[in-house]
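Could you put together the complete structure from these sequences and hints?
Protein chains in written order, with this note's numbering: chain A, 123 to 244; chain B, 108 to 595.
It cannot be assumed that every hint is accurate.
[Said to hold, decoys possible] Label-pair distances were calculated between CB atoms; the ranges are:
id, chain 1, residue 1, chain 2, residue 2, range
1, A, ALA194, B, PHE533, 45 to 53 Å
2, A, PHE188, B, GLY370, 51 to 59 Å
3, B, LEU536, A, SER202, 23 to 31 Å
4, B, GLN378, A, ILE180, 25 to 33 Å
5, B, ASP427, A, ILE197, 21 to 29 Å
In case anyone wonders, no lab produced these hints; they're calculated from the structure.
Glycine is no exception: its CB is placed at the ideal position from the N, C-alpha and C atoms.
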Amino acid sequence: MSIGTYHYVFIGAILFYLSLLGMIINRKSLIHLLVCLELLLLAVNINFVAFSSAFLGIRGQIFTVFILTISAAEIAIGLSIIVVYFRNRGSILVDDATTLVDDATTLVDDAPKGKGSIHDIS
Amino acid sequence: MGAPIFAEVSFVIVAFVYLFLSFVRDQKRIAQLLSYITLGILVSLFLYFIGDLERFIGNIGGFFNVTKLVMSSKLLILFVSIVLLSLVGGTFFWKDYLFARAEFFVIFLFMLAGSFLMIEAFDFLSLYLAMELQALSLYVLLAFKKDDPAAIEAAVKYFVLSSVASGVFLYGVSFIYGVVGDTNFLLVYEALNSILSVEGSEKTIIYIGMALVLSGLVFKISLVPFHMWPPDIYQGAPIWVVTLLATVSKIVGVTVIINLLTGPFKALSDQWELFFLVLGLLSIAIGSLSALAQNNLLRFLGFSTIAHMGFISLSMAGGDYMGLEKAYVYLIIYVVMILGFFSLLMEGKYRLKYIGKKLENLDDFAGFSKIAPGMSFMLALFLFSLAGIPPLAGFFAKLYVVIVLVRENLTVYAVLALLFSILGAFYYLRLIKFMYFDEPKDKNFTCLEFDFKTFIFFRVPSLLCMLFIIFYAIWPNRLINFVTFIFE
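This is how it looks when you write it as structure tokens:
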């Protein structure tokens, strides 16, 4: 069996969904999110390079170079925002980001944390 | 030559000149000077553009294409940014020196350049680059209030969500590239026309690609599956940045989507009509229902944005140019309404902060009509217009959408949208009830005095917007004819 374009696209798809899942499931620190973001863009890059070599066209490779550059800039800005976030809170845990929550959710959080409250379910 | 992207080039050059001024010691004075210079540049560009729209039409190297629609969106963005700069002047006047730095104007100009390039992009590559230029500037603007935990949390949330959205957009572009072999809008349009006429597995890939590309863009205008950000960001971010997000970002998003729907994805109209129909109805439903439970004013405005964008989406679902035209009319009216509302809100916040009160939750507005009669009257007018009460412009915007839907035999959706918008009227009217029928919290209140500079900075822009929404009913055809003209 020879390796064709579809195999590379399949790898790209797996990486894409892994990075999305990484954001949704493994949300511990904000650095995790940044790593997953990078993975997302790399998955897209695999797609572009695979299609580009299938077409023997150069447009996809140009696209890839631009994506790499932009993602570096994006991660730099993201890291600086996270540094400011850390200075404000002393932590970069995603679970600590609770300043902006829905009023309806706040009602649940304010419930007494004793026996039989909603917090015991987990 | 290069006349079509004249404005963007000048923005970038001016921004680089400003960058050197950030070394000057006295940043407050520099910022005041820069706000006047930037205002002058924007006003002169506005006058230059409004003279002859068709002079600037042209295509640049297949990467950018300026049409009449693009020019009118540019005019709208310029108008909004003139008002926004006037509001910045207002914050300086009230001794809020958050934006009193040269870098702020640099980033603001880059944001404008990104927005302009984004609406005239004619290639997925240039669209992506312009989108990132705009988004990166927005991240920095959101994180400008470095010592406020809420603002920084809003910046982190917007950063993560917006980056994922642009990643999803790119993934869609890669599929379209995979089928077509190019990313130019014209070539994509021609290729899709020929692909769709024959059966094959490429069709499915094209549908996936289009759905992903539109999802990435729909995030900008916060339709329902991508609607989690406006409430949080509106509540946390500095209110000036919120105004920016509620106006410029929405204009850009809707214009780019219209560009895509009339350009590369024209042949796929059956598919995207369904897409926008479902998303629009869900947005109206969830936006209206969630807003009912809110107590924070800006959070509630975030949900109301979702509902309004739902109407734009429903109008796009109404098929061809007719629906897109009415979506654009809705966009113009919505932007004018929300701009006037936000400038009044900023004025109210600053004035009440000065006398030691705040204007954050809905019940802070109790008895506001006795404290500030003029401002409450204007706020009430804007709220009536947002709710869609007849003689005001907001009513006509909703009416056009309903007409489009009924003409396309989508009457059920029109009825559902109207029912949810009646529910939505409840919370706009509740704020008016707080202002007019409740007593102020402390009994010995004082009436706010007239202040000339505040009047110039905050009230004049909102008065302009108010005149538009009142007198729209007298000459509704002017706007309609203009929009028909730009869609030709």
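Verification of the hints:
no.: 1; hint: A:ALA194 / B:PHE533: 45 to 53 Å; verdict: holds, 48 Å
no.: 2; hint: A:PHE188 / B:GLY370: 51 to 59 Å; verdict: violated, 21 Å
no.: 3; hint: B:LEU536 / A:SER202: 23 to 31 Å; verdict: violated, 43 Å
no.: 4; hint: B:GLN378 / A:ILE180: 25 to 33 Å; verdict: holds, 30 Å
no.: 5; hint: B:ASP427 / A:ILE197: 21 to 29 Å; verdict: violated, 42 Å
Violation of the numbered hints given earlier is confined to hints 2, 3 and 5; the remaining hints are satisfied by the structure.
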